[in-house]
Structure formats: C-alpha cells, structure tokens
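Asks: Chain by chain, the residues run as shown.
Number of protein chains: 2
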Amino acid sequence: MKRQDYDLPYLLRYENVAWYEDGQVSILDRRIYPIKKEKVVCRSYSDVTKAIAEMVTQSAGPYTAVGMGMALAAYECRKESSENQINFLKEASYNLANARPTTANRMSLITEKSFEIGKEAILKGENPIEAIRLDTIDSLNRRYSTMENVAKYLVNLLSSDSAVLTQCYGETIVGMLLRLAKQEKKDLKFYCAETRPYFQGARLTASCCAEMGFDTTVITDNMVAWLLENEKVDIFTSAADTITENGYVTNKIGTYQIAILCEKFNVPYYVTGLPDIGKKDRDSIVIEMRDPEQMLKFLDIKITDKNVKGIYPSFDITPPELIKGIITDKGIFKPEELSGYLKNPTKFY
Amino acid sequence: MKRQDYDLPYLLRYENVAWYEDGQVSILDRRIYPIKKEKVVCRSYSDVTKAIAEMVTQSAGPYTAVGMGMALAAYECRKESSENQINFLKEASYNLANARPTTANRMSLITEKSFEIGKEAILKGENPIEAIRLDTIDSLNRRYSTMENVAKYLVNLLSSDSAVLTQCYGETIVGMLLRLAKQEKKDLKFYCAETRPYFQGARLTASCCAEMGFDTTVITDNMVAWLLENEKVDIFTSAADTITENGYVTNKIGTYQIAILCEKFNVPYYVTGLPDIGKKDRDSIVIEMRDPEQMLKFLDIKITDKNVKGIYPSFDITPPELIKGIITDKGIFKPEELSGYLKNPTKFY
Numbered sequence: 039m040k041r042q043d044y045d046l047p048y049l050l051r052y053e054n055v056a057w058y059e060d061g062q063v064s065i066l067d068r069r070i071y072p073i074k075k076e077k078v079v080c081r082s083y084s085d086v087t088k089a090i091a092e093m094v095t096q097s098a099g100p101y102t103a104v105g106m107g108m109a110l111a112a113y114e115c116r117k118e119s120s121e122n123q124i125n126f127l128k129e130a131s132y133n134l135a136n137a138r139p140t141t142a143n144r145m146s147l148i149t150e151k152s153f154e155i156g157k158e159a160i161l162k163g164e165n166p167i168e169a170i171r172l173d174t175i176d177s178l179n180r181r182y183s184t185m186e187n188v189a190k191y192l193v194n195l196l197s198s199d200s201a202v203l204t205q206c207y208g209e210t211i212v213g214m215l216l217r218l219a220k221q222e223k224k225d226l227k228f229y230c231a232e233t234r235p236y237f238q239g240a241r242l243t244a245s246c247c248a249e250m251g252f253d254t255t256v257i258t259d260n261m262v263a264w265l266l267e268n269e270k271v272d273i274f275t276s277a278a279d280t281i282t283e284n285g286y287v288t289n290k291i292g293t294y295q296i297a298i299l300c301e302k303f304n305v306p307y308y309v310t311g312l313p314d315i316g317k318k319d320r321d322s323i324v325i326e327m328r329d330p331e332q333m334l335k336f337l338d339i340k341i342t343d344k345n346v347k348g349i350y351p352s353f354d355i356t357p358p359e360l361i362k363g364i365i366t367d368k369g370i371f372k373p374e375e376l377s378g379y380l381k382n383p384t385k386f387y
Numbered sequence: 039m040k041r042q043d044y045d046l047p048y049l050l051r052y053e054n055v056a057w058y059e060d061g062q063v064s065i066l067d068r069r070i071y072p073i074k075k076e077k078v079v080c081r082s083y084s085d086v087t088k089a090i091a092e093m094v095t096q097s098a099g100p101y102t103a104v105g106m107g108m109a110l111a112a113y114e115c116r117k118e119s120s121e122n123q124i125n126f127l128k129e130a131s132y133n134l135a136n137a138r139p140t141t142a143n144r145m146s147l148i149t150e151k152s153f154e155i156g157k158e159a160i161l162k163g164e165n166p167i168e169a170i171r172l173d174t175i176d177s178l179n180r181r182y183s184t185m186e187n188v189a190k191y192l193v194n195l196l197s198s199d200s201a202v203l204t205q206c207y208g209e210t211i212v213g214m215l216l217r218l219a220k221q222e223k224k225d226l227k228f229y230c231a232e233t234r235p236y237f238q239g240a241r242l243t244a245s246c247c248a249e250m251g252f253d254t255t256v257i258t259d260n261m262v263a264w265l266l267e268n269e270k271v272d273i274f275t276s277a278a279d280t281i282t283e284n285g286y287v288t289n290k291i292g293t294y295q296i297a298i299l300c301e302k303f304n305v306p307y308y309v310t311g312l313p314d315i316g317k318k319d320r321d322s323i324v325i326e327m328r329d330p331e332q333m334l335k336f337l338d339i340k341i342t343d344k345n346v347k348g349i350y351p352s353f354d355i356t357p358p359e360l361i362k363g364i365i366t367d368k369g370i371f372k373p374e375e376l377s378g379y380l381k382n383p384t385k386f387y
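These protein sequences, in sequence, are chains A and B.
Per this note's numbering, residue 39 is the first one in the first sequence, and the count goes up by one each step.
Per this note's numbering, residue 39 is the first one in the second sequence, and the count goes up by one each step.
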C-alpha cells in the first residue's frame, strides 16, 4: 500500500510521529511542539514505554510508538536464542501495551500483532525487526486509510464555510479532515480549545489547521460558553480514546463539559472513531489519574504556591445523550445504535 | 477606623495591593505571584494607568491602585498653581478610571471622590497628597468592612465541612471568607479553577486559601464537569466585575460556563458583591476584548505556531436564571429581586 501520509501537516508524517531506525526509536516530543521541534531518542523498548507514560507522544502517537517499540525490542534481543527472543518480545508486548492504563485495551491489540509477526519471523529464520517495522507501517497506512473514510463522512456534514470547534488533538482524523477539506476547497474556520494542561489543542491541532491554510483561532478552555454564545460555531467534534459498545465516549479531560455546553447552545457534537469491541459500558472504562504535579506546572514552571494540591484525571466520559453521532468508517451512527456497526466492525489496528 | 486587613493572607494586606509612599506607587505584580514576589514601581499616575491596563493588578486591586494613583498625581503637580493642580487631578481622575473599559463605571466613583478630596485640600491650603492617601485607606477599610458583612452571609451558607468551588480571584471577599471561616473553625475544602489565561485561581485564590490553612485543590478550567460529577462540591461562588440592576453578572471569562455546568449538576452558584447602580441591564455592559497575543502566551512563552490566531474576551456575562443568589452586605437576594437592595443601597467605594 502506498504511504498514506502524503500532503499531511508535519505532525502527521510518519517520521514525525515515531520511527524505528538503526536500533533506536525517535519520537517527536509533542509536549513542547511547536515551541521547540525536538525528538526523544529511545534506545530500548523500556525507553519507549517511559516516553509514552510521560506523554512525549499522545493521541494516536502511542499506537505507532508501541509498534516501533516492538521493532526495537526485536533489535534488543537479536543475539538471543529464538526461545529467548520470543519470550522477550512477549514481555515487551505486555509492558508497552500497559504504558498507560486507559488505552491498554487498544494498545495490546497492536503489540500482540507485532509479537505474532515477530515470532513468525523468528521461527522462519527471517528478520523480526524488519518484519515488525514494516507491519507497523502497514498498520499506519491502514489506520490513516480507515480514518480517511471516517473523515469523508465528517467533511460531508460540513458546508463550504462551516466553523468547527475542536478539543485536544485527534491526530489522524485531524489530518484527514484537513486534507479532504482542502481537496474539496471547503473554507472551514477552526476554533481550537487549548486543552490544558498540555495545550494539545493550542499547540498541535491549531498548528495543523494553520499549516494547511485554514483560518484558525485558539480559545482558552474557559471561553467555550462565550464562544458558543457570541460566534458562529456549527459543529463540535473530537476523537475518542474509548468508545463503548453502548455509546459512552472517553476523551481528553474537558470534552465532557464542552459537550454539555454544546447541548445548551444547540451545537451538535460528533465523535470520530471506531467503537471498542469488548468495552461494554462506562463501567469498563478506567480513568487514569495522573500525578497532579503535572497540571500545576507548565513547561517546568510551577504555577502554584506551596501546600496547594492538584488533581489530574486524564480523561472524562461523555454519555450518549450528549452525542449527536459517532462517525465511523462505515457511516454515522447514533451512540445508542452502535450495535449496527458492531455486527460488522472494522479491525483497523 | 482600625485597619481592616488584620489576619488576612499576604495578598490582601494593603501594602501588598497598591501603596503610595514618597512619590511612588508600588503595585504587587499579580501576573507572576507566587512564582515571584515582585512589585511594579510607578513614578507617575500614567504608570499606574498602564499597570492597570497591563493587568499588573486585577480584581479589586485596581480600585486601590487608582486611589493611590490619584495621590501620586497630586504629588506630580504639587509645585503647580492651585488651578493647574485641580485641572491635573481632574484629568488624572478620568484617565485612571478609564484604564480598562469594563470597570470604568466603578473606577470613576473612586477617582472622582479622590479628586474632590484633593480639590478640597488644595482650596483649603492643605496637603492634597496625604488627604487622598488617607482617604484611599479609609475607602479600603470601608470596602474590607463591607465585604466582611458580605462574607458573613456567605459563611452562614456553608456547613462545617463544605466544599467550595471558586473562579478567578475575588480578592477582598476571598480574604474575608477565609478569615471568618477560620474564626468559626469551619473546615472548608476549596477547589480553585485555575482561570486561564493568567491563572489567577491557581496563583492567587489558591495561595490565599492554602496560606490560611484550608485544604486547597487547583483544577484546570476544563475539569469542572468532571469535578462536579465525581467529587463533593456544595457551592460555586465568585465575585463580580459588574452586577446589573436586573441581575446579570459580569465576571472573569469562564464564570458563565461554570454556572451552566453547576446548573446541570445542581450545585448552587452564589455571586458576592454589590449591584451597580445605573447599570440597568446586560446591554449596559461593555466586554473588554484584549490583545489575543496575551492568551497565546504564558510567562512570555508563545505557545502557538505562526498564523494561529487567538481571541480574548476578558469577561463573560451570566444571566440571572443561572444564579441562586447575590450575596450583598445586606443579605442574599435572588438576582431578579435586586430592587429590594436598590431601594437602600450601600455606596461603599
């Protein structure tokens, strides 16, 4: 398959997500982009796990990073016996998948596939490093291609001058939405909620939208109600970290309250992504509580005084009643009607 | 009157708000506190105007700063003829009051009073500088004392273990609430919304609450819905930059959406402050649109990429239907029943 990252903004090109080469994985440090364009170089799969846990990359970035991390694991154990290599890869698969609890489900689908690819290569006497690396790129191509299908349905919802409110950084879907809208010459206007504490909206989504030539305005997270009341906003859209089979959506902290505000102002909220098979309902979602020190700081500057505490839920859960539609690669579903999708789901990772 | 800033946190003590002495006004730089404790030294009233416009101080800080600025204006023109001194003070009164558009109404009440005090002293051959300075301290005492009365009604609403959500930095009311709650040994828990873009909640309100010994947790502005759903929050309270006669409340950007979210989660929102006589309805409110560059930065670090725009409404307007009560010095009024207060209002500035 042709590489699917053509004509996409800098952040979406494969080498700038996570990339294995010559015994190391380079991961673009999304915590600081675009203030600085730096890559974190990982020389072991444990470094990759650590980088994911520390949110060097986020959104869909970790899915690429764990695949490339599996290639690196294969490199690390290349001089061992076949049995030891397979055991090492099995362990790497588990550790990489569990770098962050909320997404362990999806991550393990990727690392287990990489494991199987690596194991097969080892047993056949082929190069497991290259096999895993190529398979990861294949996965990227399939994911980008699947998300392009999702983006088609989203772009169809938009008129030639729609104003779109975004939250956090939806990565692939953002890139595909922008590429398609540009191809179709839709003159979209983007409002990007900055998305504290890491400002992914201000730094990542807004950078992509502006790089692709669209009118792009960042708002602080507390301007949403003001924006919806005072400016024309046609649609709110976000990606999802989890979509349960019954239509609950886990996404970056802040999504839930934007959805509530959109309901108040009659702006429809569309989620993009594929339902997570096996995640039955909201009880199956684990919300990762991160170290509060991380949200009391920005760029290593501590904002608060001594004795002030923080709290840091990474994600929140939006219930189906606040969601107008879930946009999948096979069309748009009401959140309570995902069973229609689940009869014939796409397994894109 | 005894100085009313006893037993208050650092930020509320008069010398740490704005203070005239020996031909200069020192204003605590609230943009950077508590990261750094720095004061901006103004050697002309125009410097004070500039400092207010640049938000060196905010909330009630400007009310003190303009009074002290008027004392400084009197110092600047001290060698002129009486007529010239009076003209200079008149001009200073106008310029100081209009440093920021949204609060010009309240500010001019203060500067006009300072003007009259100064003029009277000049015509009597007395020292206008000291007269204005002492009158400004008197005003501070009266305001603190009035806000202590407001705080009594607020504290009465709280049980011994209430959890209180705050927005931005209400200054005097925050100090008085904390002093009274401490006196009454109420073991309050505070959640402070960080309040982008200047983080007044994280830096100022949270510092005061923690300094006074209360359990204090900062949340980012996008965690409000999560907090209200997952933690015990008994009340949301904020001060106001304007309260119209028919119950519309202007306050720091973000207040409106917290009020909407509180309605959703059945948490009552109480506004503290005195209605603005003459501000009939929401049409009489001017929302200051500030330079967007200011919200695309933090501590002079530009967060966004080139070609990304920002938007920066300083305030938003919360309608009466989202407000459970407006807490004044004469009791708690429903926002649509402020006429009861306005029959016999307190003029505290």
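Hints are not guaranteed to be accurate.
The following residues of chain A were derived to be distant from chain B, with all beta-carbon distances above 10 Å [to be verified]:
1. Lys40
2. Ser64
3. Glu129
4. Glu150
5. Leu172
6. Ala231
7. Cys247
8. Glu249
9. Thr258
10. Asn260
11. Val262
12. Ile339
13. Asn345
Only some residues are given here: those of chain A computed to face chain B with a beta carbon under 10 Å [unchecked claim]:
14. Met39
15. Phe126
16. Glu301
17. Ile323
18. Val324
19. Asp329
20. Met333
21. Gly348
None of these hints come from the bench; they were simulated from the model.
In this text the structure is predicted, and so the values were computed from the model without any measurement.
We put the CB at the ideal spot given by N, CA and C, even for glycine.
Asks: A separate judgement is required for each hint: does it hold in the structure or not?
Replies: Hints, verified against the model:
1. Lys40: Lys40 (chain A) is indeed farther than 10 Å from all Cβ atoms of chain B, at 28 Å.
2. Ser64: Non-interface label on Ser64 (chain A) holds, nearest chain B Cβ at 21 Å vs cutoff 10 Å.
3. Glu129: Holds: least Cβ distance 35 Å, greater than 10 Å.
4. Glu150: holds (32 Å)
5. Leu172: At about 33 Å from chain B, Leu172 (chain A) clears the 10 Å cut-off, so the statement holds.
6. Ala231: Ala231 (chain A) is in fact no farther than 10 Å from some Cβ atom of chain B, at 7 Å.
7. Cys247: violated (8 Å)
8. Glu249: violated (7 Å)
9. Thr258: Violated: least Cβ distance 4 Å, not greater than 10 Å.
10. Asn260: violated (3 Å)
11. Val262: Its Cβ does come within 10 Å of chain B, the nearest being 6 Å, so this is violated.
12. Ile339: Given a closest Cβ separation of 6 Å, the condition is violated.
13. Asn345: violated (4 Å)
14. Met39: Because about 31 Å separates Met39 (chain A) from the closest Cβ in chain B, which is outside the 10 Å limit, the hint is violated.
15. Phe126: violated (39 Å)
16. Glu301: For Glu301 (chain A), the interface hint holds, since the closest Cβ of chain B sits about 9 Å away, which is under 10 Å.
17. Ile323: Violated, because the Cβ-Cβ distance from Ile323 (chain A) to chain B comes to roughly 13 Å (cut-off 10 Å).
18. Val324: Given a least distance of 14 Å, the restraint on Val324 (chain A) is violated.
19. Asp329: Hint violated; Asp329 (chain A) Cβ to chain B Cβ min 14 Å, cut 10 Å.
20. Met333: Interface hint status for Met333 (chain A): holds (6 Å vs cutoff 10 Å).
21. Gly348: holds (5 Å)
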